[in-house]
Amino acid sequence: MILIQMIRNRFLFILFLILLFSLSLNSFASNNHRTPLIETINSSNKLEYSGYYINKSSKKITKLSIRFIAKNKYGEILEANTIRLINNSSMPLGPGEKLYYSFMIDSDPKNIYTKKLYFFNE
Amino acid sequence: MYYLRRFIIILVIQLLILSFISTIFIFNFNLERESLKIQSKQFTELVAKQAGIFFSNDKSRSSKDFLAFLDSKIGIDELSSAFTITKPDIISVYFVDDIISGKVNAGVDENFQKNDKSEINQDKRFFFNNKYVAIKPFYKNNDETIGVVRVEVDNIPLVLRTLSTNAVFYLLLFLILNNQAFLFYLWTKKKRPPVDDSSYIKEGSIGSIKIMQKIINQIIEDHKNDSNTNDKK
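Respectively, the protein sequence lines represent chains Z and E. Counting from 1, one number per residue, gives the positions in the first sequence under this note's numbering. Counting from 123, one number per residue, gives the positions in the second sequence under this note's numbering.
Source of the hints: derived by calculation from the structure; they are not laboratory data. Computed from a prediction, not measured in an experiment: that's the story for all the values here. Ideal placement from N, C-alpha and C gives every residue a C-beta, glycine not left out. Each hint should be verified, as a subset may be incorrect.
[Claimed, not checked] Beyond 12 Å from chain Z on every Cβ pair, some chain E residues (computed):
no., residue
1, A173
2, I338
3, N339
[As the list claims (entries may be wrong)] Computed spacing ranges between beta-carbons, pair by pair:
no., chain 1, residue 1, chain 2, residue 2, range
4, E, D265, Z, S65, 54 to 62 Å
5, E, I131, Z, R67, 50 to 58 Å
6, Z, Y118, E, E232, 51 to 59 Å
7, Z, K46, E, E241, 21 to 29 Å
8, Z, A80, E, D231, 25 to 33 Å
9, Z, K59, E, Y307, 54 to 62 Å
10, Z, S65, E, Y125, 57 to 65 Å
11, Z, N42, E, D265, 45 to 53 Å
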């Protein structure tokens with residue numbers, strides 16, 4: 001009986017450590033190779049974004065896309081766009097290379113409260 | 123009832139220990155958050171200074187040109203390298219006329235300083251503000267305000283970072299405090315009163331023992347009487 005209890009306690013302890021480890025991994029996963037975007041309002045009163053993507057890995061990137069999500073003050077999605085930055089395996093982004101990109105969103109700037117950016121690469 | 127009372131006492135002690143550890147966690151988290159606030163303010167100030175230099179001469183207000191300018195002056199990658207945990211995603215550059223005309227909600231007051239009460243500067247979930255917003259105005263020739271630079275940083279990764287870096291410390295603290303609680307229990311445990319020689323016999327069992335003694339005495343007497351009659355014969 002005591003042995004079972006000891007094994008169970010050890011199992012719970014290891015599970016706890018694994019949970020903490022995965023949490024620590026999550027915190028570093030959010031810190032990927034991205035550089036900040038510049039946001040301005042252009043002449044047509046729309047939000048315009050410009051940025052660079054730097055390939056800090058040792059592999060070539062053949063597919064790269066960016067997903068932008070804009071939400072209002074109630075947390076509802078106003079606009080969600082996925083923009084393909086690289087979609088051609090014949091023109092990959094090599095290690096250390098920098099890619100300029102720019103895009104614009106249609107939603108009214110004054111209604112946007114939260115903006116989220118996600119990069120997807122292969 | 124006895125077990126329930128014990129269980130409740132254990133639960134209360136565990137809650138006390140966890141609340142103590144939580145207080146330390148909040149203290150650590152606030153330290154990290156203050157550090158991030160200082161970094162964000164310095165970052166925004168640096169970008170605002172560059173924006174003042176660039177937009178004093180440039181009328182096109184192009185984000186592409188400003189990005190190229192920042193990259194040439196500071197290096198866009200180096201710009202955010204000071205942030206180790208969470209980086210700002212977007213550097214917003216809003217101009218005074220866009221803010222005044224209401225085209226954009228920059229979260230500033232009439233002096234183009236950060237308005238802490240503005241809804242756009244808050245994202246309250248899990249009982250605290252999930253983002254920190256740093257806003258700095260930039261000036262034309264250090265005199266006339268021409269716009270503001272706004273940077274948002276996410277506080278959520280800080281929670282995970284604080285938890286992961288201090289996890290072993292919290293775990294050891296939990297074990298040590300539990301150990302201390304157990305030692306305290308041993309210290310305060312009441313001593314049992316010394317046991318009398320006769321106290322092991324309950325009152326109820328004395329009567330039955332007396333009856334048994336009577337029966338045994340009767341049997342012994344009968345046995346004696348039988349042996350006496352046999353001798354006479």
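Structure-based check of all given hints:
1. Interface exclusion of A173 (chain E) from chain Z breaks down, the closest Cβ pair being 10 Å apart, not more than 12 Å.
2. No beta-carbon of chain Z is positioned within 12 Å of the beta-carbon of I338 (chain E); the least distance is around 44 Å.
3. A cut-off of 12 Å between C-beta atoms confirms that N339 (chain E) is not in contact with chain Z; the least separation is 48 Å.
4. Range check, D265 (chain E) to S65 (chain Z): Cβ separation about 44 Å, and the 54 to 62 Å hint is violated.
5. Our hint of 50 to 58 Å for I131 (chain E) and R67 (chain Z) holds, since their Cβ atoms are close to 52 Å apart.
6. A beta carbon spacing of about 36 Å between Y118 (chain Z) and E232 (chain E) contradicts the range 51 to 59 Å that was offered as a hint.
7. Between K46 (chain Z) and E241 (chain E) the beta carbon distance is about 22 Å. The supplied range of 21 to 29 Å therefore holds.
8. For the pair A80 (chain Z) and D231 (chain E), the supplied restraint of 25 to 33 Å holds, since their beta-carbon distance comes to about 32 Å.
9. Between K59 (chain Z) and Y307 (chain E), the C-beta spacing of about 59 Å keeps the proposed range 54 to 62 Å intact.
10. A C-beta distance of roughly 60 Å is found between S65 (chain Z) and Y125 (chain E), which places it inside the suggested range of 57 to 65 Å.
11. Taken as a hint, the range 45 to 53 Å is violated for the pair N42 (chain Z) and D265 (chain E), whose Cβ atoms sit roughly 26 Å apart.
Violated hints, in rising order: 1, 4, 6, 11; the structure is consistent with all others.
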